[in-house]
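Chains as they are written, first to last, in the working numbering: chain L, 1 to 165; chain B, 1 to 503; chain S, 1 to 343.
The hints are simulated quantities; they were obtained by calculation from the structure and are not laboratory data. A hint or two may mislead.
Taking beta-carbon pairs under 8 Å as the criterion, some of the chain L residues facing chain B (in silico) [claimed, not checked]:
hint, residue
1, 26
2, 125
3, 126
4, 127
5, 151
6, 154
7, 155
These stretches of chain S come out as covered by chain L in the derived footprint (C-beta under 8 Å, 3 or more residues) [said to hold, decoys possible]:
hint, segment
8, 155-163
9, 189-198
Derived pair list, reagent style DSS-like, types lysine-lysine, alpha-carbon separation capped at 27 Å [to be verified]:
hint, chain 1, residue 1, chain 2, residue 2
10, S, 321, L, 162
11, B, 37, L, 162
12, B, 425, L, 162
13, B, 425, B, 110
14, L, 26, S, 76
15, S, 66, S, 76
16, B, 160, L, 162
17, B, 160, L, 26
18, S, 321, B, 37
For glycine and all other residues, C-beta sits at the position ideal for the given N, C-alpha and C.
So the chains spell out like this:
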Amino acid sequence: MTIYDIIFYLFAAITVLSAFLVVTAKNIVHSAFYLLFTFFGVAGLYVLLGADFIAIVQIMVYVGGILILLLFGVMLTNKITSVEIKSGTIHVLPAVIGLGLFAAFVLSTMMTTKWKSNPAELPFTTVYDLGYILINEYVLIFELLGILLLIALIGAASIARKDKE
Amino acid sequence: MDASLLTENLSYILPEIVISAALIIIVLFDLIFHNDKRIIPYLAVAGLAVAGFFIIDQFSFEGSAFATSSSANNFGMITVDNFGSFFKLFVVCVSILIVFFSFSSEEIQKTFDRLGEYYALIFGMILGMIILVSASDLILIYLALELLSLSSYVLAGFTKLRDRNSEASLKYLIFGGVSSGLMLFGISIIYGMTGTTNLYLINPLLQAPNLNLITVSFAMILIFTGIGYKISSAPFHFWTPDVYEGAPIVITAFLSVASKAAGFALLIRLIKTTFVTFTSPDGYWQLINAFDWQALLIIISIFTMTLGNFTALWQNNLKRMLAYSSIAHAGYLLLGLVVMSDQGLTAILIYFVFYALMNLGAFYIIMLIANKTGSEEIDDYTGLGSAAPFLGVSLAIFLVSLTGLPPTAGFIGKLYIFIALVDAKMIAVAIIALLNTVVSLYYYVRVLKHMYLQKSDSPKDAILPSTGQILFILILLVPTLLFGVYFTPIVTFAKNSISLLGF
Amino acid sequence: MNIWEIIIITVIKIGAILTIMLLTVSYLVYFERRISAWIQSRLGPNRVGWEGILQPFADVFKLLLKEDISPVAANKFIHGLAPFIAVFVAFSTYAVIPIGPDVTIFGYSIQLVVADVNIGVLYVLALTSLGVYGLTFAGWSSGSKYSLLGGIRSSAQMISYEVSMGFSVGGVLLMAGSLSPIAIVEAQYGWMWNAIVQPIGFITFTVAAFAETNRLPFDLPEAEPELVGGYHTEYSSMKFAGFFLAEYANMIIAAGMIVTLYLGGWQVPYIDKLGLGEIVTALMQVGSFFVKMGAILFFFIWVRWSIPRFRYDQLMNLGWKVMFPLSLINIVWVAALIMIFNL
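Only chain L is shown next, with the shape it has when bound in the complex (with noise of 0.2 Å):
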């Protein structure tokens, strides 16, 4: 096991059972702070990856902006926060067999396939070369990425908007 290893199975053991507690806990704004630490250990894992880039524009997009959008929807929301989530289990025996069948093809999927990979130097920074390739190979994703968002936009200002009675 070497020190790689060690910061690994941390950082993953931070994700997961920060995302348990997420799902689990009582309270909702408990929930979103649970969240935070999940999003810092997938962070984590990109650093660990060498994904510079990746990793800080986790931190600012999921936990500098969409978590903090969900706490300010929580806070907005009259009396949400002393709401009991009802995390009440029903359907038991079918959520056992589908997620024990899920887990089972993910584990076998996981031991036994054998995962291409090409051994690469570590880039020092991979902003660049990111920067590089979406502008010119994947310049139509960019582009398309572009729409995406702005529909995504019209979207959310079409929901949010009231009608004028």
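Please build the complex by placing chains B and S on the supplied structure of chain L, with the hints as guidance.
Structure of chains B and S alone, referenced to chain L:
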């Protein structure tokens, strides 16, 4: 990428560029000229017409654009071939009909202030669909699927007139989110195994000797989840009835025809470019034995149509009934794919053309009646045959066509699918499908019974459609009848449109 | 250099930076009070020590000796955590701001920055966006409506201005072609300061920095007439001091960022032409960094005592309808400059 290469690549995606430009023009026009919203639909039609022109221009032209440096055989992310062009043209034609459809929809006219947003979102859907049918890269496929889904989530709850709208939108979003998440998981597994996202490059890699077949199957089932959700095949159909019932009728019609076609095109392209090794002279595809698509599709299609037809029997809301019927039709369409042959593919294309005509027609008339009576319940159709003779007769013809009885186009569509099944020696499957058709006869005819044979307790007001509305119905009605007896042009067109790039 | 030497040097750097930060923060408070008094023709604190020079320490003792109260309605855990988040974010941001060029001390070549992160600018932006959590959690967990409103206001404001802040930085990144603060400073050699090349970006960034630090004219989160004390209404003793510390530390970071990104960092124009020794040059450069930062800090204080507060809708309008388009124009402007002059 230098300038000349970029221009060459861009010349392959002219229809997509036109649609994007129209989308942006509509948004800007809405922003600058608040008071001339009436012009927006005409802008939309103009944009679609120009895109249609470029698509027709691309017929019998093959190529692929935006190749990445890693793709050695020069197959890019987006392809141009007859198959793709067929579906692009299909989507564009349906969209033009939908624009006219929206003119008569009271639900949409009530939200006149937001007409710009409405058409922007419609164009988002169109762009997603026409990219989806020609994409050959998993990232692009996923992105186009998201573009399509995001726009449809909002459109499903667009009118906000009833709680059902929001319910439809929310249900659609939740189901969509889960299935696209699963699909992404599948894509990531495929990428992890092959190291590429290009469909054409995945094909040879899947033929490697010591491939883990369980993993491939797992990934493929996950990817099928995303597609199955779009074409509303069982067991991913749960959203369909609620969304179709809650959404504005225009959007329901659009989703049930165009969005379904795009999903099918994606499924066919995925199977044919990634899993086919070669096509035998009599048109049967030889699949890589990495994953048994045929077995999966047979089970899914029988399950889908049986479930759709039997659940439709109990529906009293016409929109909901048509939702289940559209699930059943997805099952029939999948049968065309089950045979894994060029003949089956031709049958699918033919079926889609006819399905679009009759389904749009049925939804249009239901909308006209709902505009007047404010209800889609089957009990309110009692005695409509005499109150609205023209609408009644037209609806009867569309429903008969949906059942698949001669002399309508629906019969021809089903006929070709059954012939393909019989030719492939899948007699048992064909018989099950035939029995299903018999079941569907019951619920379609039940509407006719209500309209013509049952006496209404109170006299109905006459529903008189305007000239434009009659014209629109005729545009859908005449081909439905005409293609029932003279279908050679459509068949020839479909036969010419089955060629995919590289196969 | 072996790993231990690197660790020891880094620890020394962290210690030095922390000491400088803490001292600057406490004296910043003192100077703010003196300058405000001077602007308003008052005397200001002048009793503790010579001209009140020991006043900051007296303040700290006062806060330490106060009772630590947490309200009954509060969520104890998050209430206690919030000031720590604020302080942590404020101090860790400073790690990537370079205060001088590479120098050679005792045979070691040392960079005058704690961590030369190659995406340092993004690191700062990411941590700034984390700073919102301190305020939001503080506002929510206090269980008081004034705190909650203050928390919500501050996060809405910070999110809005982060957008134009990020876009303003875009222009700087275009000029430098790098996300590393050191490279950005080095790209501003001579008089090629970004404040001169892209004045619009400089202005939008500075305004956004005011909003991010919740300083007047953007201090709505703690607008006394409406919200008592804003998000820290329910805080006392050292927890309150934590917020206080974080706020002033944020000011210093904002000043440091403005200097690094727009005012040439530690560069003194054409100092290398004078032919001074390496140590003298480096000292002058480090000095120039602190002089520039001091000037910006003075500007912060000056603005605070000269300009009235915005109304909330004005603040949002300014952020989205003026600042955001201006920062976009700045990017286009810089891109055009680069295209025309092949910079």
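Which hints, by number, does the structure contradict? Numbers 1, 2, 3, 4, 9, 12, 13, 17 - these are the hints that the structure violates, sorted from lowest upward.
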